[in-house]
Amino acid sequence: MRDAVIVEAVRTPIGKGKPNGALAHVHPVELLAHTLRTLVERSGVDPALIDDVIGGTVDQVGEQAMNTTRYAVLSAGFPESVPATTVDRQCGSSQQAVHFAAQGVLSGAYDLVVACGVESMSRVPMWSNVPAGADPFGPGVAERYPEGLVPQGISAELIAAKWSIGREQMDTFAVSSHRKAAEVWESGLFDAEVAPLEGVARDECVRPGSTTEILAGLKPAYHDPVLAERFPQIEWNVTAGNASPINDGASAVLITSSETAARLGLCPLARLHSFAVTGSDPLLMLTGVIPATEKVLRRASLTLDDIDLFEVNEAFSSVVLAWRQETGADLARVNVHGGAIALGHPLGASGTRLTTTLVHAMRERNARYALQTMCEAGGLANAMVLERV
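Residue 1496 in our numbering sits at position 172 of the sequence shown, with consecutive numbering throughout.
For the record, the hints were derived by calculation from the structure and aren't laboratory data.
Hints may contain errors.
Computed list of lysine-lysine pairs in DSBU-like fashion (alpha-carbon distance at most 35 angstroms, straight line) [as the list claims (entries may be wrong)]:
| id | residue 1 | residue 2 |
| --- | --- | --- |
| 1 | K1504 | K1486 |
| 2 | K1619 | K1504 |
| 3 | K1504 | K1543 |
| 4 | K1342 | K1543 |
| 5 | K1340 | K1504 |
| 6 | K1486 | K1340 |
| 7 | K1543 | K1486 |
| 8 | K1342 | K1486 |
| 9 | K1543 | K1340 |
| 10 | K1486 | K1619 |
| 11 | K1504 | K1342 |
Throw the hints in and build the complete structure from the sequences for me.
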């Protein structure tokens, strides 16, 4: 029976998604091309053997239009015969790319495939693909949700209110993310996964000196008088300090079967054990990680106690803390190398960034099983279980 294994995983450093960000001068195609080039260099594979490259990008417009992944493949110097496609499952786009890639290997459609992702939020700001005045939802959705859907920041506030997660708790979680990321950088553990680019070697948003006292001084990021009247339960505790920043970055993983890995002399980092994707309430939007975790554990025939490490994307502190309340997971095993609040959240790249960080953490900590899950706009979530081999 065929399996699917990850044999290499790399990412760029993550820059601020602003005009003065460390990677703002780099075209998104070149960001992704850099990870693809590094992936084959570190693995030693002949890129001509790659059956497909599946990439995630969220705002597919402007410099991220026209199937960005294909042009990154060409820029990376791969043979023209190597195909590529770009997918969008919002923040989980490149995790979905991992699912598709692994499922292709399991089915026999692929022998060697890359899952990857990129987002340059400095050059292609969020919502660039929705022109002013345009309605991306349509009349059917408006009829189904007559009071209207809300932005993600409001969803994060609604989650905090529903699960009674206060400002201090969210800020404490955020500070912990920065502390863990800073410690990992100082220990040199990120060196194995990060591919420096044009003089940029470290993640730009990690703040080692962050404290709850500093974060307590930040103003609410999403306060809106109209929505405050609609949702009186909101306490307006979500800030720039306990939410992920906007970022530039790219990441990639190389997936094959154990049989092909042995034939090519590749060393598997982890086996892709089980997958799940689910929909959830699009108003709360970001709670899908809860049923997705339950679903993937059921498919894997595992329990929460079997999982040594978790990666739960830190879009907002409230998302991870609500997930923790519902699952009962030990926070000491969650995002052990820091999460998106500290490292950054370059939308289309985040799925494979989490995977990259997770497989390296598994090797460092001798973990047998790990679980990755991500909330996604529209009320979606991906989850997968990895197993050390």
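Is the straight-line distance between the alpha-carbon of K1543 and that of K1340 35 angstroms or less?
-> Status holds; Cα separation ~20 angstroms.
Below or equal to 35 angstroms on CA atoms is what counts here, so check K1340 against K1504.
-> 19 angstroms, holds
35 angstroms Cα cutoff - pair K1342, K1486 | It holds: about 33 angstroms lies between the C-alpha atoms, which stays within 35 angstroms.
Holds or violated: are the alpha carbons of K1504 and K1486 at most 35 angstroms from each other?
-> 28 angstroms, holds
Under the criterion that the straight-line Cα-Cα distance not exceed 35 angstroms, is the pair K1504, K1342 satisfied?
-> 24 angstroms, holds
Quickly compare the C-alpha distance for K1486 and K1340 to 35 angstroms and report which way the hint goes.
-> 31 angstroms, holds
Hey, K1543 versus K1486, does the alpha-carbon distance stay inside 35 angstroms?
-> 21 angstroms, holds
Pair hint K1342 and K1543, alpha-carbon separation not exceeding 35 angstroms | This hinted pair holds, its Cα atoms lying about 20 angstroms apart.
For the pair supplied as a hint, K1486 and K1619, is the alpha-carbon distance within the 35 angstroms limit?
-> Holds, because 22 angstroms separates the two Cα atoms, which is no more than 35 angstroms.
Distance restraint between K1504 and K1543, which requires alpha-carbon spacing of 35 angstroms or less | Holds, because 24 angstroms separates the two Cα atoms, which is no more than 35 angstroms.
Is K1619 within 35 angstroms of K1504, Cα to Cα?
-> 29 angstroms, holds
Every hint from the earlier list agrees with this structure, and none is contradicted.
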